[in-house]
Amino acid sequence: MLFARVRHAAVLAAMATLALSARPALAAADGAFAIKGIGASDCSLAVREYTAGTPNAMMYGGWIYGYLTALNQLNPGTFDLAPWQDLNTLTNFVVDYCKKNPKVTFADATFKMAVALNPDRLTARTAFVRFRQNGRDFTLYATTLERMAAKLTSKGLLKTKYDSAKPAYTPDMVAAVKAFQQSRKLKATGDPDQQTLFELLQR
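Everything in the sequence shown is counted per the numbering used here, starting at 2 for the first residue and increasing by one.
Calculated directly from the structure, the hints in this document are not laboratory data. Treat each hint with caution, since some may be false.
Okay, derived cross-link-like pairs now, EDC-like style, lysine to aspartate or glutamate, Cα gap no bigger than 20 Å in a straight line [to be verified]:
id, residue 1, residue 2
1, Lys156, Asp173
2, Lys167, Glu147
3, Lys156, Asp194
4, Lys37, Glu50
5, Lys162, Asp173
6, Lys179, Glu147
7, Lys156, Glu200
8, Lys152, Asp121
9, Lys160, Glu147
10, Lys179, Asp194
Quick list of simulated restraints, FRET-style, between CB atoms [said to hold, decoys possible]:
id, residue 1, residue 2, range
11, Arg204, Lys100, 18 to 24 Å
12, Thr190, Thr154, 17 to 23 Å
13, Phe132, Leu75, 28 to 34 Å
14, Asn89, Ala33, 27 to 33 Å
15, Phe132, Asn89, 18 to 24 Å
16, Phe34, Pro172, 45 to 51 Å
Just so we're clear, the structure is a prediction, and the values are computed from it rather than from any experiment. Yeah, the Cβ is synthetic: ideal placement off N, Cα and C, and Gly gets one too.
Please take these sequences and the hints and turn them into a complete structure.
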(Lines of atoms letter the chains of each structure in order from A and count residues from 1; the text may use other names and numbers.)
(Lines give C-alpha, C1' and ligand atoms only; values in the text may rest on other atoms or scores of the structure.)
Protein backbone atom coordinates (compact mmCIF):
# COMPACT_ATOMS: atom_id res chain seq x y z
CA MET A 1 0.00 0.00 0.00
CA LEU A 2 1.12 3.52 -0.72
CA PHE A 3 -0.42 5.05 2.37
CA ALA A 4 -0.52 4.38 6.09
CA ARG A 5 -3.65 2.49 7.05
CA VAL A 6 -6.25 3.49 9.59
CA ARG A 7 -8.79 1.11 11.08
CA HIS A 8 -12.09 2.63 10.03
CA ALA A 9 -14.91 0.10 10.26
CA ALA A 10 -17.34 2.80 11.42
CA VAL A 11 -16.99 4.81 8.21
CA LEU A 12 -17.18 1.69 6.05
CA ALA A 13 -20.33 0.60 7.85
CA ALA A 14 -21.92 4.00 7.30
CA MET A 15 -20.95 3.89 3.63
CA ALA A 16 -22.40 0.42 3.23
CA THR A 17 -25.81 1.50 4.51
CA LEU A 18 -26.25 4.26 1.92
CA ALA A 19 -28.82 3.62 -0.78
CA LEU A 20 -27.37 2.97 -4.23
CA SER A 21 -29.79 5.53 -5.65
CA ALA A 22 -28.33 8.37 -3.58
CA ARG A 23 -27.01 11.24 -5.72
CA PRO A 24 -25.83 14.81 -5.08
CA ALA A 25 -28.66 17.34 -4.84
CA LEU A 26 -27.25 19.45 -7.67
CA ALA A 27 -27.38 16.70 -10.33
CA ALA A 28 -29.72 16.92 -13.33
CA ALA A 29 -33.46 16.51 -12.81
CA ASP A 30 -33.24 12.76 -13.48
CA GLY A 31 -30.37 12.36 -10.99
CA ALA A 32 -27.71 11.87 -13.67
CA PHE A 33 -24.44 13.76 -13.84
CA ALA A 34 -21.21 13.46 -15.84
CA ILE A 35 -18.16 12.04 -14.09
CA LYS A 36 -14.89 13.64 -15.14
CA GLY A 37 -11.42 12.16 -15.08
CA ILE A 38 -10.23 9.13 -13.19
CA GLY A 39 -13.35 9.11 -11.03
CA ALA A 40 -15.12 7.33 -13.89
CA SER A 41 -12.90 4.25 -13.38
CA ASP A 42 -14.58 1.25 -11.89
CA CYS A 43 -13.57 0.29 -8.38
CA SER A 44 -11.85 -2.93 -9.41
CA LEU A 45 -9.43 -0.96 -11.60
CA ALA A 46 -8.89 1.65 -8.89
CA VAL A 47 -7.98 -1.03 -6.35
CA ARG A 48 -5.53 -2.70 -8.74
CA GLU A 49 -3.79 0.56 -9.62
CA TYR A 50 -3.69 1.79 -6.04
CA THR A 51 -2.34 -1.50 -4.68
CA ALA A 52 0.27 -1.77 -7.42
CA GLY A 53 1.39 1.84 -6.99
CA THR A 54 0.97 2.68 -10.67
CA PRO A 55 1.44 6.25 -11.93
CA ASN A 56 -2.34 6.67 -11.68
CA ALA A 57 -2.41 5.75 -7.98
CA MET A 58 -1.88 9.29 -6.70
CA MET A 59 -4.50 10.63 -9.12
CA TYR A 60 -7.24 8.88 -7.19
CA GLY A 61 -6.36 10.82 -4.06
CA GLY A 62 -6.29 14.05 -6.05
CA TRP A 63 -9.74 13.27 -7.44
CA ILE A 64 -11.08 12.77 -3.90
CA TYR A 65 -9.71 16.13 -2.77
CA GLY A 66 -11.18 17.89 -5.80
CA TYR A 67 -14.58 16.30 -5.24
CA LEU A 68 -14.67 17.17 -1.55
CA THR A 69 -13.62 20.74 -2.32
CA ALA A 70 -16.57 21.09 -4.70
CA LEU A 71 -18.95 19.71 -2.07
CA ASN A 72 -17.52 22.10 0.52
CA GLN A 73 -18.30 24.98 -1.82
CA LEU A 74 -21.76 23.89 -2.98
CA ASN A 75 -23.35 22.25 0.05
CA PRO A 76 -25.18 24.66 2.38
CA GLY A 77 -23.97 24.64 5.96
CA THR A 78 -20.64 23.08 5.02
CA PHE A 79 -17.15 24.48 5.41
CA ASP A 80 -15.13 21.23 5.49
CA LEU A 81 -16.49 17.70 5.13
CA ALA A 82 -13.19 16.20 6.29
CA PRO A 83 -11.91 18.55 9.00
CA TRP A 84 -9.16 16.28 10.36
CA GLN A 85 -8.86 13.39 7.89
CA ASP A 86 -5.77 13.57 5.69
CA LEU A 87 -5.50 12.34 2.11
CA ASN A 88 -4.10 8.96 3.14
CA THR A 89 -7.06 8.27 5.42
CA LEU A 90 -9.65 9.41 2.90
CA THR A 91 -8.12 7.36 0.09
CA ASN A 92 -8.05 4.25 2.26
CA PHE A 93 -11.73 4.75 3.16
CA VAL A 94 -12.66 4.75 -0.52
CA VAL A 95 -10.31 1.96 -1.59
CA ASP A 96 -11.55 -0.36 1.14
CA TYR A 97 -15.13 0.33 0.07
CA CYS A 98 -14.10 -0.36 -3.53
CA LYS A 99 -12.68 -3.74 -2.54
CA LYS A 100 -16.12 -4.74 -1.30
CA ASN A 101 -17.96 -3.13 -4.22
CA PRO A 102 -15.76 -3.64 -7.30
CA LYS A 103 -18.44 -2.88 -9.89
CA VAL A 104 -19.32 0.66 -8.79
CA THR A 105 -17.34 3.66 -10.01
CA PHE A 106 -14.62 5.29 -7.94
CA ALA A 107 -16.75 8.45 -8.02
CA ASP A 108 -19.75 6.64 -6.54
CA ALA A 109 -17.57 5.20 -3.77
CA THR A 110 -16.21 8.69 -3.04
CA PHE A 111 -19.71 10.14 -2.90
CA LYS A 112 -20.79 7.51 -0.39
CA MET A 113 -17.79 8.37 1.78
CA ALA A 114 -18.75 12.06 1.62
CA VAL A 115 -22.29 11.28 2.81
CA ALA A 116 -20.88 9.15 5.64
CA LEU A 117 -18.62 12.03 6.70
CA ASN A 118 -21.39 14.63 6.50
CA PRO A 119 -22.73 14.37 10.07
CA ASP A 120 -19.33 15.35 11.52
CA ARG A 121 -18.53 18.06 8.98
CA LEU A 122 -17.23 21.48 9.98
CA THR A 123 -20.13 23.84 9.38
CA ALA A 124 -18.33 27.20 9.65
CA ARG A 125 -14.88 28.65 9.14
CA THR A 126 -12.61 28.25 12.15
CA ALA A 127 -8.99 29.10 12.83
CA PHE A 128 -6.11 26.71 12.34
CA VAL A 129 -3.94 25.87 15.33
CA ARG A 130 -0.36 24.91 14.50
CA PHE A 131 1.85 23.20 17.05
CA ARG A 132 4.77 20.82 17.47
CA GLN A 133 4.50 17.54 19.32
CA ASN A 134 7.42 15.11 19.64
CA GLY A 135 9.30 17.05 17.01
CA ARG A 136 6.47 16.80 14.47
CA ASP A 137 4.41 19.66 13.07
CA PHE A 138 0.62 19.39 13.34
CA THR A 139 -2.16 21.64 12.08
CA LEU A 140 -5.71 21.16 13.35
CA TYR A 141 -8.80 23.30 13.33
CA ALA A 142 -9.58 24.97 16.65
CA THR A 143 -12.96 23.23 16.51
CA THR A 144 -11.27 19.84 16.18
CA LEU A 145 -9.17 20.51 19.28
CA GLU A 146 -12.34 21.55 21.12
CA ARG A 147 -14.07 18.32 20.06
CA MET A 148 -11.04 16.32 21.21
CA ALA A 149 -11.11 18.05 24.58
CA ALA A 150 -14.83 17.36 24.98
CA LYS A 151 -14.37 13.67 24.16
CA LEU A 152 -11.41 13.30 26.48
CA THR A 153 -13.28 15.09 29.27
CA SER A 154 -16.32 12.84 28.84
CA LYS A 155 -14.04 9.82 29.21
CA GLY A 156 -12.57 11.22 32.41
CA LEU A 157 -9.11 11.57 30.87
CA LEU A 158 -8.80 15.35 30.62
CA LYS A 159 -8.80 16.65 34.17
CA THR A 160 -8.64 20.39 33.51
CA LYS A 161 -11.16 22.67 31.81
CA TYR A 162 -10.32 23.35 28.17
CA ASP A 163 -10.30 27.04 27.25
CA SER A 164 -11.89 27.23 23.80
CA ALA A 165 -11.16 30.97 23.70
CA LYS A 166 -7.45 30.11 23.60
CA PRO A 167 -7.29 26.93 21.50
CA ALA A 168 -4.08 24.99 22.03
CA TYR A 169 -2.73 21.47 22.31
CA THR A 170 -1.92 21.79 25.97
CA PRO A 171 0.29 19.55 28.11
CA ASP A 172 -2.87 18.32 29.87
CA MET A 173 -4.30 17.31 26.50
CA VAL A 174 -1.10 15.49 25.60
CA ALA A 175 -1.34 13.51 28.83
CA ALA A 176 -5.02 12.75 28.20
CA VAL A 177 -4.31 11.62 24.63
CA LYS A 178 -1.56 9.32 25.90
CA ALA A 179 -3.99 7.78 28.37
CA PHE A 180 -6.57 7.35 25.61
CA GLN A 181 -4.01 5.74 23.31
CA GLN A 182 -3.05 3.30 26.04
CA SER A 183 -6.72 2.42 26.56
CA ARG A 184 -7.04 1.60 22.85
CA LYS A 185 -3.72 -0.26 22.70
CA LEU A 186 -2.20 2.35 20.43
CA LYS A 187 1.36 3.62 20.71
CA ALA A 188 1.19 6.16 23.55
CA THR A 189 3.02 9.07 21.92
CA GLY A 190 0.53 11.80 22.75
CA ASP A 191 0.50 12.71 19.06
CA PRO A 192 -2.91 13.53 17.53
CA ASP A 193 -2.20 11.21 14.61
CA GLN A 194 -4.82 9.92 12.20
CA GLN A 195 -5.42 6.63 14.01
CA THR A 196 -5.89 8.41 17.33
CA LEU A 197 -8.23 11.01 15.85
CA PHE A 198 -10.30 8.29 14.21
CA GLU A 199 -10.59 6.26 17.40
CA LEU A 200 -11.46 9.35 19.45
CA LEU A 201 -13.73 11.31 17.10
CA GLN A 202 -15.28 8.89 14.67
CA ARG A 203 -15.69 5.44 16.20
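Review point. So which of the earlier hints does this model not fit?
Key: none
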